[in-house]
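**Student:** So the sequence lines, in the order shown, correspond to chains A and B.
Here our numbering is used: the first residue of the first sequence is 1, the next is one more, and so on.
Here our numbering is used: the first residue of the second sequence is 1001, the next is one more, and so on.
Keep in mind the hints are simulated off the structure, nothing from the lab.
Every residue, glycine too, gets a C-beta built ideally from N, C-alpha and C.
Honestly, I wouldn't trust all of these hints.
Unchecked claim - Some chain A residues close to chain B (C-beta under 7 Å, calculated; not the full set): (1) Asp261; (2) Asn496; (3) Gln577; (4) Asn645.
Claimed, not checked - Rough simulated footprint, nothing fancy, chain B against chain A, three-plus residues with beta-carbon under 8 Å: (5) 234-248; (6) 506-514; (7) 587-593.
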Amino acid sequence: MIPFRGYTMLATNLKSLMLGLGAVVMLDVAYAQSHFDPDRQPFPIPLQNNQIVTLSGLTTLPQEQWNAVAVRKVLQSFAFGGHASEQQIKAWSEMPPELAITQMLNFEWLSPEFSAPDGDDESPEFCQSMTELQALWGSDDPANPMRAAERRFYALLGPNDQLSPVGLYLAWSRAMYTRGCNLFLHKMAFYLTNYHASIHIQNAGTGLIRDYYDDTLSALNAGEDFIGLMLQAASNGAVAMAYGHASNYVHPITGMFSGNDDFAREYFQLLFGIEGATEDLDYHEGVSIENNAKLLTGMAPDLVLNRFDSIARFDWLLSNIDFTDHVDSTGRRVRNRTAHYDFALGPSSCLEILHQSICGSTAAEKLQALGRVAAAHPESMAAIPLKLVRFFADTVITPDEAMALQLAWDDADFDLLRFIRAYAVSSQFHDPSRWKYWSAFERNLIVHNATLLDNEEAFAKPIFTDPLLRMSAQGAIPFAPIRDVFGGQTGNDAANDRFVFKNAWAANVETPETLAAVSQILQRDGSGNPPRWSKDWRSVLPANQQGEYRVKEVAEWLWNRLITDGGQEFDMLARAQVYSLLATGFDFTLVLEFNDQALQGQEGIFTSADLQPGTIANQFYEVLAGMQLDLADPRQQHQLGMAINFISMLPFAFASGGAQP
Amino acid sequence: MKSIPAKSLDRRAFLRQSLYSSIAAGICSSHPILASALECQLADMPRTLVNLMLQGGADFRYLFMPAPNHPEPSYVPLIWNARRSLYSGAYQSYQQMFDDQYLLVADPLGGPGFGVHRSAGWLKDEFEQGRVAIISNAFCSRNRRHDQSILNADAGLPELGLLNFDRSGWGGRLVEHLGPDHNSIELAKGVSTFNKGSALGDRLAQVVHASDMRNMALALPDDGNPASNRNVIARALQSYYAGRGPELAQARPAQWPYHVFFKHFQATSSFGAAVEQRLQACRLLPESLQSLNLNSADFAQQCRNLFDACQVPDVLGLGVMSMSYGGWDSHDNEALEIAANLSDLFGDAAGFATALQAVEELPYLDVPAREQLVFYVASDFGRQIVANGSAGTDHGRGTYSLLIGKAVRGGVYGEMFPQRESNAGPDGLIPLQTQGADIEGLTSTDRILSRAVDWVKPQAGASVFPDAGSAAQDPAFAIDQLLSG
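Looking at chain B on its own, in the form it has when it is part of the complex (with noise of 0.2 Å):
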């Protein structure tokens, strides 16, 4: 037992001082704000994985179509006559609406030309510049079922037929594989199992939510008045968690449910506070992210999370990151809101453009922080090839994966508008004219993100990804191509 102190003076004595010289001067008594006395320190960003989930089944042949002059005569009257109902029933030929509705770009790696949508201009400028690899025909999951799929893409487990979500994350067996220091950090507002670790009971032990990175810490006894109802709520319960939360740890079994709040207390009391005192020494936000208007409030503000993390990998423990978008389950009027969506992520001065370019403007010791970001944009699955008749596109499965960063090859891998789409199948049936169709995934997710998670740390996706060795790939590219270093 602990044995009670004659005195515990300083605390006592700042109590009573407190006290009585708010009484003496009407007023709360206030501390110098001790931030501003920090400096911002410099660190290197570690090499940083973020998986950006496109919630709903992103339909990226909308985001990506055939030029004109595709080298497949047949395909492009095939693929408008499939899905011209997505577009202003205005446009007389294909020509027209890709004049209007795409930009050209050319494949750095020598392929054909194509079509990036005029919604993703930033996109398409990334492109051209040769830090985006778009990989054709990739597959994360077997069904059509939102559920199941996302989590078969977090999990990182195409073939996986169980909707348990109580498993490990890539992320997470990624930030595991970096070491403890490390975590996976949800800048989204919910923290999907994409980050979760492998221990059960205790899944959240390497994951930091930073879904406010300006707006974590716990409202706690501030220098105020003591004996203020606030202060008096915050101290007792502060007093509360800090006080019995070691015991319970020793006390209850690692599966005891509410182990989880006395974790939440003290990763935003003391974790929390140090970020955002860090972030209070370091760059304010730029007027350019502070002002960021997307259609997606939600994801403008993973934007300005995104930039501050940044700011400070080493209190984070940067290695991995998480993202999220929803609203791409386009099953009707498709072309209003996918062109939304694209602008959001992708446009000029939208998301992406602006939080790159603020992070690309970052002090750095040794190596520029964007050099250490690359993307990977996953999704549900793709969707299905023909349009149905709401103007939208109905669930698939096989999708683009796509890869963006310096640190990337960019190009495009593998067949990006498959010859086997336009031709008859054993069935007889020409898939561009069938209802249901959907783009053969024949390169597993799990190849890509070994690959992408090497990058991070030699030697890591075989770990990561167990079963990737022999995972489905497309003999047409080798998956080493995607990333240098």
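Chain A extracted, bound-state conformation (with noise of 0.2 Å):
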């Protein structure tokens, strides 16, 4: 007989139910004891000039309305959650949020009171660089941590002797939960090369899209601003391999063009936000981007010998690109000067470009000129604000919001960072009726950061476990943007879905384990005895004053890691099941069936009716809720993570704010 692994549990857990009917619950919402680190203090950073974050158009709250709350709201939707603990949370929610900000959004390599590296885990030293990351966990190296079995999935270097798409995919999926990369950073990276100057690795190669990945982290982390990481951009081998300008030349002698125009449109529409609604049609059509494409000849990576030891010479191009007249390793000579529109006339060669002569010797050097007045063009002054916003934060952006935002980007003066920074504690962000639909990127990213507890547990889990499967099933697979050069899935595109509103269902009903397993043997090198990696929610869950983990208290804590609206949705219905799933590890429906109990007729669907007082399913409720963890017990940390999976998938979890009077 194969043993029914429920029943034990079941009755257990209802045993005790039924010997709480009808005691007396004490509730106490106060947590006072917890079990976080001593060791880790918060620690309060002096505010320089150049860090103030107010700028025209938007209001910083008020510190009254700055609160915990708050700050996990700036962390959901700018950092998939971030890693911060309840102790940084707190600390953050009691300094001025323009002083808290500057901790929590920034774009240095480690933030280490954002996201603190754990353990011995040398992960954290290399988040700089998805070509890193992968070669330390593809490797066999003492410090890497990931399970011996899975290392080859994250190699640099397929079975083909080619590089791994799926081994980048991997690893930028696994840096999003790891602890010590700075998350902030990589989800403006990502926004930069996955949607705003999105490219798709099949036109790019898995080669080139990791570096212009990589080059975008670093050139935010250099503190480069708007006009610097669109130049970055433009000029990256890898936007010129993908939109295929990097062929395009001017014939030195005939000064005739050959070429496309793909990008010398995009450049202007994409990057800049520039439609040519404002400009003479034909002008901008005839005059712009025509010499735009004239302007984007000259840009020819280079290729590197032996590049990864890749036997494809497509994974040896550098995304790095040499303007000038050269032989690169290969022994390749590369013409970047002379097949440059008008080589001969040196810094003098000018194109005329929304009206504006841009002059310079290479494409490089006009494309910094060109930057600077394509992002000050009215059409891209408009724009750019409402795009980022609109990725990070805000589906729906009224008119007068969006004159706020333009008035702050204006005043913003390119700097992004001061930009996102003002409004991650403006009131328009904070204003509860903001509403925005998370990716399946960001939902699963989210559930993943709040689910995970430490680095231990993220290299312990199979790989079958990555958030990467369900985000792929959801339609969203990072570098392969669902509208190519347009960008990747976004927040309405994964709302109104069907398919993956139900395949998000099916992952946590059909492998719940995902998220609640709470024991797992490691398997680092493959010899020995392997420990076992266990988890204690204990390590960063607050025990109430008596030292109790009671289910409410415990339901509380939860809807607030996962759903971060202050428990405002946290109805009636929703807490029946969180109570029962964490009290019993079952639904509410079968402990009520079990107790017979069940509720009219209906298939166990009932109405908040249902639940009020005086009904029997009201008492049920109240014991249940009262009822004391015993989280020394595996079974029971277990149902935390079954309380996830439920919480998870209700409707709340798929965006943020949006709350109604």
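Given two chains presented individually in distinct reference frames, assemble the corresponding complex, making use of the accompanying hints.
**Tutor:** Take a look at the structure:
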């Protein structure tokens, strides 16, 4: 006979439920005792003048409204939830928002208070580069924390000795839940490379698109402003190969242009939001775009002989274009100087674009000059702040909000970080009616980051629990944007796609252990007696003043960790299920029915009215709420995971905000 | 408030019985497959218009090329010179290239013969049988931007200049006109603007997303162990969504962003299950569709969905369907890219050929399903008529519109290879010698689609395309001729 796993647990938990029926439930919502690492303390950072985050058009949230919920909202919107400790969140909520936000959102490689490296895992040292992370996670380096059997999936080279796209997808996904990586930095780089100045791995190749992402991380970390970031994108070899202008040239003798105008058009529209709506159409098509096509000449990337040890020549390409005439390491003659428009005139070579004379002896020099003009174009000034905010935080921007954002962008003087910080502490962002649908990237990573407690857990869990699998089943694969150069899956796409919903549901229902597992053998090197990882929610979950973990308190803590609405939508029907899952591991319907208290002929479907005080269901509800969890028991640890499976599939896990009075 | 009953015997008994029997037997009990007891109910297909969007701006000038003996003698050398870089450098002459790359066809309406690219053999056959109307010099937008033009095409508003995707599509408007029992069926992965209805905040009210017709149902509690983790989570979620959804539908304003997820639950838990059940009782996917192997696996799946949708027209509320195929932005290496795409869509034994052959064999009551289908092939825009320097073509405006189906009066409408392209214009330039020149749009797609919509339901065109009456129309042909009936 196959043992029936569920029965013992059901009986045990229901027994305790029955014993508790009728007991007086003492609720104490004050969390005093906690289990945090005593050595880790938040630390204030002196506010520098250049860190002032207020901008015209945006009003900073008053201190009295800046609280832990507000902090969590920032983390969810801008950093896939981040990894900040409860203590750190509390500390930030008690700081002036302008100060807290400079700690929360920055482009440093490591942001300890935001996502602290833990244990002896060396991965965070490589977080500045997907290439380096893959090199570590795919290696036999003793410092590699990856399960031995899974390292090959992360390796730079696939079984065909060419660069592996799957390795890149997996590495990116893992980096987004590895403690120590600055997830705000990565989310911004992800936006820039997968949405704003997007290219597709199919067109750019694995090596180049990874370089492009790494180059973008570096540019952000170096403090480049928006113009600098767009210059980095426009002059990147990955973009040149993806769009095909890497082979565009102007004949040095005849002056004949040969090539296409693909990126010449999208440079304006996608990088700067200039659609030409305020321009004379013929001028925009016939002068700005045509001349920009001539500008984008002499942009062939170099090959580096045997780069990555790949057998594919395409993998040898470098994203960093050398704009001179030279011979690359494969002996190939590259004429980026003479293939460029009107090369003989050197720095005096000029093209009329956007009514300005754009001069420079190479494409790089002209792009530098053009970037300043394009960024200051009225269409760009109007569009860029809205693109940013739409991606991170607001699905529907009202005209008034748009005007405020445009004023702020004007005031920010192309300082992307300053703009985002000012917005993240603004009343506009924290307005309860603001809402944003999560893409499948965002929702799955937010849930994963809220569920994983440390890097040991992240590396202990088998590869099939990686959120990449769920994201891809829900239409979201990194570096493979669904609209190619028009970008990846948006929150709106995800919300309006029934198959995304259906597949997300199936993931939680069919594979609940992905989020609920509490124990796993660590298989780092495949030798000896492998240690076992066990989950202990007590490392993050605050106990109450009596040192207890009461179901209602734990439920509210979990809800806010995942949903971040201050409990606004945590209604009785949701509570009934969460209380029941936490207390017993089983749903409310089963608990009632096992206790001969089924509701009226509705196949376990009941309404809020069914739970009102005075009903038998309400008595169960109250008893479940007051039960105490014994978190020394792994089965009860598992019950938290079951509750997460339920909460993370509710409508409120698919979006942020949208509160109704 | 509902009263709590003393007992709810059926369900409780079932749960307990399942629980205890699974303990006793050590296995999960299973019920007979209900679907096997069902019968496939035959239902006639209503007239249905299928919008196929070719994303990226398809170069139909590559699909169709003039015959070497084209009546305008100067045209062929000019177009050969303008576009020869798209083809292999090995060709010594237009004749040689044409013979190798194109299939000569005769116009059923008596126009001059022309070439259809060899990769589109099925399309050539359909054209010769009078089932394909090629409407020359059409336009669906006035701009050359992908996003704006696709929006123009989906919305059925060629003159629209505002990039706002929160608007109705012409497919959505058509199903609204057909009535509340009809839906716009999206067979592709993403729901496009084409399907959206007019109700602000509820634009998907009459949309069925059918990107996998045989896998549409939600994972609800099954008849296995009721205490399994799977069933515990499924039951908790089902209980919440089914119980709370109706309450919030009343309590929250229509614009509340979370309504959509409750609607997804409703649609996938009931409707999706009904579709799956009916399909299980009807025909299996024919082997030809099961093994359909295209360059685009996504389009192969859409072809399977198309067949299945035709099996359950009454369940779906057919009238409008939507398909899509990306990858037409052929700025470089056009021959390679476009030939693969064309062969997926229109090749012998490829997508349409296979799906429609299978549809042809479906049983029916009065009218064969195949006769009730008309396809409209749309794209963002046409491409420039002169090749660029990367063996490709850049964005243009005017294009060809295609209508395909047994109800179509096949042939070429309008001047397929306009003489103006080979003559000097007012600026003294000959378009076929001028970089940036494109096909001049003479007929708004509003006009064409309005006629097609009238075929689905008489007089519907004016409602779905209110501006069609005043939209541009090439006087060289009468739009009424495009379809019979």
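**Student:** Does each hint hold? Answer for all of them.
**Tutor:** Hint by hint, here is what the structure shows:
1. Asp261: Constraint on Asp261 of chain A satisfied, holds at 5 Å.
2. Asn496: holds, 6 Å
3. Gln577: holds, 4 Å
4. Asn645: Holds - the Cβ of Asn645 of chain A comes within 7 Å of chain B, reaching about 5 Å at its closest.
5. 234-248: Holds: 4 residues of the segment 234-248 of chain A have a Cβ under 8 Å from chain B.
6. 506-514: Our answer is that it holds, as 6 residues pass the Cβ test (under 8 Å) against chain B, meeting three.
7. 587-593: Per the Cβ count (5), the hint holds.
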